[in-house]
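So the protein sequences, as listed, match chains D and B.
Per this note's numbering, the very first residue in the first sequence carries number 43; after that it's consecutive.
Per this note's numbering, the very first residue in the second sequence carries number 382; after that it's consecutive.
Be aware that a few hints might be false.
[Unchecked claim] Simulated pairs of lysine-lysine, BS3-like, Cα-Cα distance not exceeding 25 Å:
1) Lys603(B) to Lys690(B)
2) Lys690(B) to Lys428(D)
3) Lys690(B) to Lys664(B)
4) Lys603(B) to Lys395(B)
5) Lys401(B) to Lys606(B)
6) Lys395(B) to Lys428(D)
[Claimed, not checked] Some, not all, of what chain B presents toward chain D, calculated at C-beta under 10 Å:
7) Leu386
8) Gln619
9) His623
It is worth saying that the hints were derived from the structure and are not from the lab.
Quick reminder that beta carbons are idealized off the backbone N, C-alpha and C, glycines included.
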Amino acid sequence: MTARLDDLRAEVSGWLSAHVPRDWRAAATHEDFVAGQRAWFAQMVAAGYAIPHWPAQWPGGGRSLAEQKVIYEELARADAPRLLLSFVSTYHAFATLHECGTAEQQARHLPRILEGETWCQGFSEPNAGSDLAAIRTRADRQGEVYVVNGQKVWSTMAQHADRCLLLARTSSDGAKQAGMTYLLMDMKAPGVTVRPIHQIQGDEEFAEIFLDNVEIPVCERVGEEGAGWAVAQATLASERGLTLMELAYRMRGNMGRLVATIRAAGCAEDAGVQRELGELATQVDATCALADRFLEMRMAGAEQAGDASIVKNAYSRALRAWTDLGVRVGGIDAQYRAAITFGDLNTGNWMADFMNSYAWTIAGGSEEVQRTIIAERLLGMPREPKGWVL
Amino acid sequence: MTIELEELLDAAHKAFPPDKPVPRDESWARVVTLGWLMLDLPEDRGGLGLPPAAVATILFAQGRVLATAPLIPALLGLQAIAASPALVDRDGWIARICGGEYVPLHLLPSAVTARADGALDGRIAGVFEADMTSHILAGMAGRYALIPLDAAGVEVVERPLWDESRRLFDVVLTGYAIDPALVVAEGAAASALHETISPAAQLALAADSLGGASALLEMTVKYLKVRSQFARPLALFQALKHRCADLKVALSAAEALLWSRADSATTPLEMGAMKALATTTAKAIAEEAIQLHGGIGLTDEHPCHRYMKRAFLNAALCGDADHWNGANGRHLLDPPG
Numbered sequence: 043m044t045a046r047l048d049d050l051r052a053e054v055s056g057w058l059s060a061h062v063p064r065d066w067r068a069a070a071t072h073e074d075f076v077a078g079q080r081a082w083f084a085q086m087v088a089a090g091y092a093i094p095h096w097p098a099q100w101p102g103g104g105r106s107l108a109e110q111k112v113i114y115e116e117l118a119r120a121d122a123p124r125l126l127l128s129f130v131s132t133y134h135a136f137a138t139l140h141e142c143g144t145a146e147q148q149a150r151h152l153p154r155i156l157e158g159e160t161w162c163q164g165f166s167e168p169n170a171g172s173d174l175a176a177i178r179t180r181a182d183r184q185g186e187v188y189v190v191n192g193q194k195v196w197s198t199m200a201q202h203a204d205r206c207l208l209l210a211r212t213s214s215d216g217a218k219q220a221g222m223t224y225l226l227m228d229m230k231a232p233g234v235t236v237r238p239i240h241q242i243q244g245d246e247e248f249a250e251i252f253l254d255n256v257e258i259p260v261c262e263r264v265g266e267e268g269a270g271w272a273v274a275q276a277t278l279a280s281e282r283g284l285t286l287m288e289l290a291y292r293m294r295g296n297m298g299r300l301v302a303t304i305r306a307a308g309c310a311e312d313a314g315v316q317r318e319l320g321e322l323a324t325q326v327d328a329t330c331a332l333a334d335r336f337l338e339m340r341m342a343g344a345e346q347a348g349d350a351s352i353v354k355n356a357y358s359r360a361l362r363a364w365t366d367l368g369v370r371v372g373g374i375d376a377q378y379r380a381a382i383t384f385g386d387l388n389t390g391n392w393m394a395d396f397m398n399s400y401a402w403t404i405a406g407g408s409e410e411v412q413r414t415i416i417a418e419r420l421l422g423m424p425r426e427p428k429g430w431v432l
Numbered sequence: 382m383t384i385e386l387e388e389l390l391d392a393a394h395k396a397f398p399p400d401k402p403v404p405r406d407e408s409w410a411r412v413v414t415l416g417w418l419m420l421d422l423p424e425d426r427g428g429l430g431l432p433p434a435a436v437a438t439i440l441f442a443q444g445r446v447l448a449t450a451p452l453i454p455a456l457l458g459l460q461a462i463a464a465s466p467a468l469v470d471r472d473g474w475i476a477r478i479c480g481g482e483y484v485p486l487h488l489l490p491s492a493v494t495a496r497a498d499g500a501l502d503g504r505i506a507g508v509f510e511a512d513m514t515s516h517i518l519a520g521m522a523g524r525y526a527l528i529p530l531d532a533a534g535v536e537v538v539e540r541p542l543w544d545e546s547r548r549l550f551d552v553v554l555t556g557y558a559i560d561p562a563l564v565v566a567e568g569a570a571a572s573a574l575h576e577t578i579s580p581a582a583q584l585a586l587a588a589d590s591l592g593g594a595s596a597l598l599e600m601t602v603k604y605l606k607v608r609s610q611f612a613r614p615l616a617l618f619q620a621l622k623h624r625c626a627d628l629k630v631a632l633s634a635a636e637a638l639l640w641s642r643a644d645s646a647t648t649p650l651e652m653g654a655m656k657a658l659a660t661t662t663a664k665a666i667a668e669e670a671i672q673l674h675g676g677i678g679l680t681d682e683h684p685c686h687r688y689m690k691r692a693f694l695n696a697a698l699c700g701d702a703d704h705w706n707g708a709n710g711r712h713l714l715d716p717p718g
């Protein structure tokens, strides 16, 4: 077993050393970055490393979680571009179709994902952020189509997506979680308007999606009408803890950027800075160890509900601390605006990194939502009473 | 966890149940009977030869119950003696220690100077439970040696502690002449011995600290669930839930690093940096635990303060967090080579 993993590690590491595009950080615009992402995904698919979590009938699929971990460790070690543009398609769309889609839906969509078709997720809405069950986007059945009206927001790279995992409301009766239906939407369909969100650091990783009488064929419904909430759980559970492990490893691998900033600022002899750097490095090491441990528990089938929230909050706090120290030591130099690097959280462009770190304390279930999950599911503290009266 | 280790841990929980404090001498007798002194002693020295993680597991369990037996200084003393290249009758010492003779290593720095004739003056700090022993193992003036506490020029002075789960002493030397038959290591061998023992000391203190912290966090959450104010359990207040969640995150990360380094770390710095995080985390949990308990947490009858005092003392032993974090930072800024 260990020998097989060692072989895989050597194979992946060898391939990466020959194929990682050396200049991937040089993308000057978001469009250049996206073009680079498409090319890198195609290379990774061809090499058999893009979809290790898919079943074995797919080329490069059928890998155990231990093998997947090896691949992501090597991607981090090689400082390869992260597969960001294809993340929703290879994880969320795949898991949704695999768990809940029909054979016909799988045959229609999965091969195209490998050909480079990209997906976005249409879950959050202006009034349904942490409280996802509060979505209002309507889908009304009219014959063989659903007619959809509403607005989605915080959809990662929706402006580049071909298709969307859409959660919409088909009924307003009963509990909030009831009456939701899960649809697969063509982003080129009439009535779909996408507007990128300009973020505080100058990137456009997210977009708003406006839906105006968009028609979606009934054959693109996943699960029964009204069963969307359950299908959405399959989407949200698709990420297997590998991303946080990979990101934690990348943060550790980039500790040199912080060291370089401290040296450049002339405070390498400052005892206070030395202590903070030492403490932070240990915090980052602990985050890596935690992400490893979480994956090992998953492999052993010993994962508990709420464990993933612990890893996410540990990572996002370490990332904030990492960027915060960089900004502080960077001093005025960190305040001069510099061109951002796309697709990288640990660039050494400290204000940009600091602002980017909010992606991890807010997106994907905010830090506060995770705290509630940890308190209720892991510590067994009572749930909030439903409803409130002023 | 291996079956062997699970059995050990099971025995630990039976011998030291929570909520039933065992007096020190009885604790020590149980520790000896359970064979815990032999856990990581190499097999060719008559021990079980278990890895550092096994020792850490037992010390984590001992930390949970605020154990009063001085297992950490005893294990470190034994480890030093077992690794000694020079000690006369080394195997005799090992046998006596495994049979229950307590020979502790001190866990705070010594300040000792040698006179022209080699006689020593100064203070060896951080000797736990010195009233239980006839000999201690001390690192001083470039060597490790056993010191008989009844020898001429040796005085034992108790240093009362806030932490009532342990007793601490200074050993004061006034013109004490080392017995050559009691030297454990000198010169380069003494430095090598330090490199061996220091990681074990850091790991031991980290395990004890995080064991205590995990018990204390559980106790705190349990209290918040039963204590009711404003007609609802305190555990329903989000402000308190979120603080407990943050403590759980911090504890989980520190524990993950503890077990990871227990398996892999070898240098004093790697273990020291881990110990800094472990003790900082344990202190933070202790600090919050008292606050979250409210008034009852300030009473002597409630065990909160015992965990807090033990956590704070552990943080001050064998190099504090500032020391190790600074050393770690300097290492990153100026790596050797």
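Evaluated hints:
no., hint, verdict
1, Lys603(B) to Lys690(B), "holds, 21 Å"
2, Lys690(B) to Lys428(D), "violated, 40 Å"
3, Lys690(B) to Lys664(B), "holds, 9 Å"
4, Lys603(B) to Lys395(B), "holds, 22 Å"
5, Lys401(B) to Lys606(B), "holds, 23 Å"
6, Lys395(B) to Lys428(D), "violated, 43 Å"
7, Leu386, "violated, 15 Å"
8, Gln619, "holds, 7 Å"
9, His623, "holds, 4 Å"
The structure fails to meet hints 2, 6 and 7 from the earlier list, while all remaining hints are met.
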